[in-house]
Amino acid sequence: MSSDSQLAVYTEGLTKRFGQRAAIDGVDLRVPRGSAFGFLGPNGAGKTTMIRTLLGLTHASSGSMSLLGHELPAQRAQALRRVGAIVEEPRFHPHLSGRENLRIIAAVRGPEVRERIEPALRRVGLSERADEKVKKYSLGMRQRLGVARCLLADPLLLILDEPTNGLDPGGIQEFRVMIRALVEQEGRTIFLSSHLLDEVEKICDHVAIVDRGKVVVQGAIAELAGAASGSHSEVIFGVDDSSRTLEALESDPAVREAHRSDDGIHVVLEGDPQSAAAINARLVGVGIAVMRIEHVRQSLEQRFLQITSRLGAPAGALAESQAGIQSDGQASTPTNSQAGAPTDSQASTPTNSQASTPTDHETTGQVQR
Amino acid sequence: MSTLAAQMVGADLLKLRKKRSTVIWALILVLAPLLIYFIVRAAQHSSSPLKYEPAGGQHGYEDGLQALALFFGPLAGIMIGVEAGAGDAATGVFRDLVVTGRSRLALFVARLPAAIALCWAVVLVGYALLILGTYALSSGAPTPSGATVANGIGFSLLSTGVICAVAVGFASLTASRPPALVVLIGWHLVASPILAGISSLGKARDLLLSQAISQFAPVKLNEGPHGMSVTMSHGFAIVVMLAWLVVLLVLGAWKTMKMDT
Numbered sequence: 001m002s003s004d005s006q007l008a009v010y011t012e013g014l015t016k017r018f019g020q021r022a023a024i025d026g027v028d029l030r031v032p033r034g035s036a037f038g039f040l041g042p043n044g045a046g047k048t049t050m051i052r053t054l055l056g057l058t059h060a061s062s063g064s065m066s067l068l069g070h071e072l073p074a075q076r077a078q079a080l081r082r083v084g085a086i087v088e089e090p091r092f093h094p095h096l097s098g099r100e101n102l103r104i105i106a107a108v109r110g111p112e113v114r115e116r117i118e119p120a121l122r123r124v125g126l127s128e129r130a131d132e133k134v135k136k137y138s139l140g141m142r143q144r145l146g147v148a149r150c151l152l153a154d155p156l157l158l159i160l161d162e163p164t165n166g167l168d169p170g171g172i173q174e175f176r177v178m179i180r181a182l183v184e185q186e187g188r189t190i191f192l193s194s195h196l197l198d199e200v201e202k203i204c205d206h207v208a209i210v211d212r213g214k215v216v217v218q219g220a221i222a223e224l225a226g227a228a229s230g231s232h233s234e235v236i237f238g239v240d241d242s243s244r245t246l247e248a249l250e251s252d253p254a255v256r257e258a259h260r261s262d263d264g265i266h267v268v269l270e271g272d273p274q275s276a277a278a279i280n281a282r283l284v285g286v287g288i289a290v291m292r293i294e295h296v297r298q299s300l301e302q303r304f305l306q307i308t309s310r311l312g313a314p315a316g317a318l319a320e321s322q323a324g325i326q327s328d329g330q331a332s333t334p335t336n337s338q339a340g341a342p343t344d345s346q347a348s349t350p351t352n353s354q355a356s357t358p359t360d361h362e363t364t365g366q367v368q369r
Numbered sequence: 001m002s003t004l005a006a007q008m009v010g011a012d013l014l015k016l017r018k019k020r021s022t023v024i025w026a027l028i029l030v031l032a033p034l035l036i037y038f039i040v041r042a043a044q045h046s047s048s049p050l051k052y053e054p055a056g057g058q059h060g061y062e063d064g065l066q067a068l069a070l071f072f073g074p075l076a077g078i079m080i081g082v083e084a085g086a087g088d089a090a091t092g093v094f095r096d097l098v099v100t101g102r103s104r105l106a107l108f109v110a111r112l113p114a115a116i117a118l119c120w121a122v123v124l125v126g127y128a129l130l131i132l133g134t135y136a137l138s139s140g141a142p143t144p145s146g147a148t149v150a151n152g153i154g155f156s157l158l159s160t161g162v163i164c165a166v167a168v169g170f171a172s173l174t175a176s177r178p179p180a181l182v183v184l185i186g187w188h189l190v191a192s193p194i195l196a197g198i199s200s201l202g203k204a205r206d207l208l209l210s211q212a213i214s215q216f217a218p219v220k221l222n223e224g225p226h227g228m229s230v231t232m233s234h235g236f237a238i239v240v241m242l243a244w245l246v247v248l249l250v251l252g253a254w255k256t257m258k259m260d261t
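For the record, the sequence lines run as chains W and P. The first sequence begins at 1 in the numbering used here and counts up by one. The second sequence begins at 1 in the numbering used here and counts up by one.
Keep in mind that the hints were calculated from the coordinates and are not lab data. Quick caveat: nothing in here was measured; it's all calculated off a predicted structure. Don't be surprised by glycine CBs; every beta carbon is placed ideally from N, CA and C. Certain hints may be false.
Derived, one-sided and incomplete: chain P residues facing chain W with beta-carbon distance under 8 Å [stated by the list, open to error]: (1) Arg17; (2) Lys19; (3) Arg102; (4) Gly154.
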């Protein structure tokens, strides 16, 4: 097994079966160190089973894995020494105080860990209430105590399973800030499972989308959710004359498709997104005023919906369509870009206007080839 | 014991001794029957000294020791052992202990000394009450010798310690407190005495844990299902106790090491 030391989590063909059913099925996961990595999927997709398998809470049926460069299960103790984890909701002995619960874990981790209890409590803002029994804690406080328990390991890797479940909006925001600080200021790696797209997009910089036990795509969010890359890209031209623009684009070989939308002329380009500049020059050359050019950026939500909308397709076909993405961890082969309802867009070509955020692109006329 | 092992045992002991309901019920189990026994017997003796013996003295000690070491003390040991064996799994904390990377076997082993330590502390409180009643309420009747008192301590600790350890193993096997409590208390209070009372079972009754433990009593025990029904050599009794301990502890350790959490 090649467990790259630059990877916090590495799995190859990892499978966990319960009887005939594969809860996780041949998963190849690559989690870069120092990243906030979202493990995104619908409920029942196998996220918690994946985490439990990584942590040795259940045995893998087949495949190999490593945490922080240590192979599992052979080097389990070394692998988990610098790992903190919250699996499902954090559990504690309710009859003990927060501080006593941390003492329990510190005692098991080793003699040197006890001195980390107070800093960990301060870090999560529980110093004042650390002597109250945990049964009196709110869910938010228990979540914070769970993070404090993770911090006892001085973790290089934190594995958090649906960490914002049950938190109120304020608690969620607080939690996000804390997680980002752990990554950006302290260089720790966060592996966060969630079924909430918004949460993953706001906290994480890398993501793997999982369904039915399979990782169907993984890579940097900016690349996955970015411009529809590969064989085509999408651009919106804000022009003064839509009809003349559509006529001008009809014969342009760089244009795969163009149609009128609320925000202007929505153009699907063949290949290189830089051809938008040439189209701009051509439109200006025929006397059309181009007020703005927006590069349409897909959100992670769109990407997720594209993928999950195809889950009825045979797994092999889906895996094949995602092969380019999985092989190098980068989005390179879009499989099903649709022009419907982009929710995020960015100006990418110099114009005299800023990108707006189109929410709907109603087709009123189109050119297609 | 290494620092780490001592810390782990200390952590388990912290969990147990802070579990007030368990500690209070264990203390009630070992103290209340003795208190009731001495109060009632003292009242009887004071009302009719010729008809009723003193509450304390040798006779009171023998009755109290049998109640403490063979009946109520083991019940306290079962409660504490079950809490130690199944507490982590029942609260869901066991998975957090596992993800520290510490071996599951080490986590299991740490439960034993912690449970036995608390069990013995509770039993010693009960034994102190027994000695107090024995001497304070003797009313001039013969009292047990120092050697008998010392042997009584050893017998109480042996009996409750073995049963507490068996309870740790069984509760670790079930990983759930209610079924473990029901089965162990049912066995101790009902099944084991009934089996001990069936004379047709013959030597098969030697395999009962309670009967094996009874062989080490420093005083003559009452005969009957809750006392000593069969006699066997000390060597065989030790083998029976070890067999119970090994089987239940190995099963508990196996489950702790293998279970999904």
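Fill in: Numbers of unmet hints, in rising order
1 and 4
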